[in-house]
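J.: In case you want the letters, here they are:
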Amino acid sequence: MRMQRRAFTLGAGGLLLASRNRPAAAATTLSFPTWQAEEPGFSQWWKELIAAYQQAHPGVTITLQQIAYPNFSNEMTVRFASNTPPDIVELSGNNFGSFASQGWLEPLDGWLSKDPMPAGWSSLQSLYHWDGHTLGMLVMGYGNMLFYNERLLADAGVSPPKDFAEFIAAVPKVTQKDKGIYGLASVTAEYPTILSEFLSFILWQGADAFRGGNYSFTDPAVVAALETYRRVVGGNAPLGNVQTMQRQTFLSGKAAFTLDGPWVYALLKNAPDAVRPSLKMMAVPFQPRTGGAANSLHVPAGISAERKELAWQFIRLAMQPEWQRRYFVLTSSPPGLPGALSAEETAAAPQLAVVAAGVKDAVSYIPLLQPIQANVNEFVQILMRTAVRVLTTSDPVAQICEQTQTELARAIPLR
Amino acid sequence: MPQPSGRTRRPGSMVRQERVLAYAFLLPAAFVVAGLIGYPLVRVADISLREGRIMNFARIGTLPLGLRNYITVATDPAFWHSVWVSLLYVGIVIGMAFAIGLGTALLLNRRMPGRRILRTLLLIPWAVPGVVASIIFLWMLDGSFGVVNAGLRAFGIAGPPWYVDRDTALVAVTLPAMWKSYPLITLIILAALQSIPSELYEAARIDGASAWREFRHVTWPGIRGPATLAVMVSSLAVFRDVDIIYTTTRGGPSRLTETVALFVYNEGFQYFRMGSAASAGLLMVLAALLASLLALRVIRHESL
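These protein sequences, in sequence, are chains G and L. With the first letter of the first sequence counted as 1, position 414 gets the number 414 in the working numbering; the numbers rise by one all the way through. With the first letter of the second sequence counted as 1, position 61 gets the number 61 in the working numbering; the numbers rise by one all the way through.
Note that these hints are calculated values from the structure, not bench results.
Pair ranges (Cβ atoms, derived):
1. G:120 - L:129: 41 to 47 Å
2. L:129 - G:252: 21 to 27 Å
3. G:131 - L:81: 33 to 39 Å
From the derived model, a few chain L residues whose C-beta atoms are all more than 10 Å from chain G:
4. 16
5. 24
6. 44
7. 70
8. 71
9. 113
10. 147
11. 198
12. 233
13. 285
14. 298
Not close to chain L: a few residues of chain G, all C-beta gaps over 12 Å, as computed:
15. 47
16. 63
17. 107
18. 130
19. 162
20. 206
21. 220
22. 274
23. 282
24. 322
25. 329
26. 346
27. 363
Where is the CB? At the ideal position from N, CA and C, for every residue including glycine.
Construct the entire structure; sequences and hints are all you get.
T.: Structure, rendered in structure tokens:
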């Protein structure tokens with residue numbers, strides 16, 4: 001009954017909102033490819049949102065199209081490159097700069113001046129500022145969460161850390177490699193998400209690898225921070241792990257800590273019965289809180305004005321607090337407006353408050369420098385190689401940093 | 001001049017008509033081939049000659065023509081490194097897959113119980129998608145929890161993290177590729193083995209030939225042509241393979257497993273440098289074409 005009432009309220013809200021400035025549209029179909037059309041939670045949100053939109057826009061149909069995530073970026077690239085973009089564009093955080101630099105995304109400033117984003121919108125929205133324009137709307141912006149195994153920590157006589165120093169002291173105390181127990185489960189292979197921990201380790205130790213908008217990997221503080229990264233992660237996490245293996249290691253009770261996105265909370269229920277009660281989640285207790293944008297919505301530049309307007313209306317609907325709350329409840333992942341939850345919703349799912357705390361004031365671990373954003377894949381490739389080299393070889397860290405700096409400056413000049 | 005018996009001379013106009021008719025029948029297929037293969041190749045060649053970085057195919061024709069992409073690729077040490085890695089990768093995979101494929105084909109050609117089931121089971125790796133095969137090997141060779149290192153630990157040996165260790169990564173990526181490649185080789189060689197007349201083996205045995213001589217003088221001449229074909233087809237498949245390396249190492253560590261196919265993929269879809277990707281891709285197509293022509297010559301020579 002309550003669900004029905006909520007769906008009605010959301011639908012009616014959407015209807016009211018969309019009735020303002022609604023363009024005339026008759027039998028129009030908007031294409032909307034996503035990698036989440038079949039993902040539990042996310043799929044339901046998109047479908048409910050589309051239903052509300054269609055109810056408010058008679059004659060407009062949105063076709064939700066599932067494209068597997070590994071193929072998504074390539075398919076979008078080909079569609080934009082061949083001048084046949086979808087009408088509503090969803091992009092993953094790392095792809096935004098590449099698409100923006102091609103002029104493929106329509107500035108939203110004109111619309112936003114009439115319908116600004118709700119107060120309390122995530123600081124990670126700044127990722128979508130490009131050449132002085134806003135080119136997209138954050139759908140999910142996350143802060144990294146610290147997951148820990150309470151039992152392994154207790155067995156080693158350590159408490160959940162309250163700061164970075166306690167964390168790096170706790171990790172080696174738990175590691176017993178001969179028993180297959182590790183202090184940390186991390187991505188330790190050339191896999192893009194290795195950068196989250198690699199760059200966060202630098203920030204958490206107060207160093208800056210992009211000081212003054214330049215590469216500063218040779219800065220002694222950065223070198224020292226990466227020495228710590230080698231010692232803590234390289235010495236206490238299984239090497240060669242990609243993301244699935246990192247999560248599997250933690251869920252099977254073989255690692256005391258793992259740093260990951262808040263959506264991993266939903267996976268804890270898959271842990272074996274003996275392990276599950278020991279697995280806990282907390283907001284990362286280090287400053288700055290690092291995170292990133294998981295996905296965003298955009299209006300493509302290469303479609304008609306009428307279709308652009310309709311696409312914007314969809315984005316506008318998604319931005320409304322009631323839909324932001326619904327997103328958080330259905331997906332357990334922080335939306336652009338993470339503080340929108342009611343007291344009742346927080347009481348029903350206390351972990352959502354922890355997730356909301358984790359994303360508060362979060363900063364992107366990938367620096368918001370336009371040349372880097374435009375070439376983010378190349379940036380990620382170079383630093384992936386650096387991270388694995390730091391972890392798996394005995395090459396001097398200072399030498400690795402110097403070579404990384406040279407390679408970055410040659411591939412992606414910042415000045 | 002007398003005509004050969006049983007054959008009558010057809011008037012020239014009839015021959016011409018037949019020829020025209022034959023070309024007319026071929027025309028639809030020729031159009032399809034031109035559309036599906038020729039047009040994309042011409043487009044790729046065009047993109048490879050466009051100087052500048054643009055991803056909009058509709059505007060790519062506005063860029064000036066030139067050879068800069070080819071010069072960039074030819075002077076890029078990463079490209080030549082990827083060529084070397086490709087040669088090693090194809091060589092190791094096909095070498096191992098051929099040895100296993102030949103061995104299993106010889107084994108399955110013998111009369112033994114369960115032969116039919118074994119032949120069916122043999123095809124399973126061939127049917128497994130590359131990504132799935134990669135994940136299986138990724139877990140088996142996992143440095144900490146993999147079954148391979150667990151086995152090594154039982155003998156007091158600490159196994160490496162196979163896919164991130166600079167000394168073992170290339171060997172580790174060849175394993176799933178080899179596992180997927182050998183069934184096709186087995187299948188082709190097995191078919192060839194079954195076409196060798198049994199009388200030849202009987203004659204060899206009567207002459208007192210050893211097993212090795214029997215293989216060298218009866219079996220090998222009978223399977224040489226099909227084996228070359230199997231090697232050629234498998235080599236091309238392995239040469240253009242991206243999914244196994246992408247899933248296991250993404251070309252790492254430090255580009256030690258980056259093949260030309262992955263180099264092209266990265267240039268095009270990771271770095272948006274379509275010109276470089278197209279020029280490297282065309283060089284790759286040319287190399288594959290040359291290798292195929294060479295192999296075809298060998299096969300033709302064998303069948304004469």
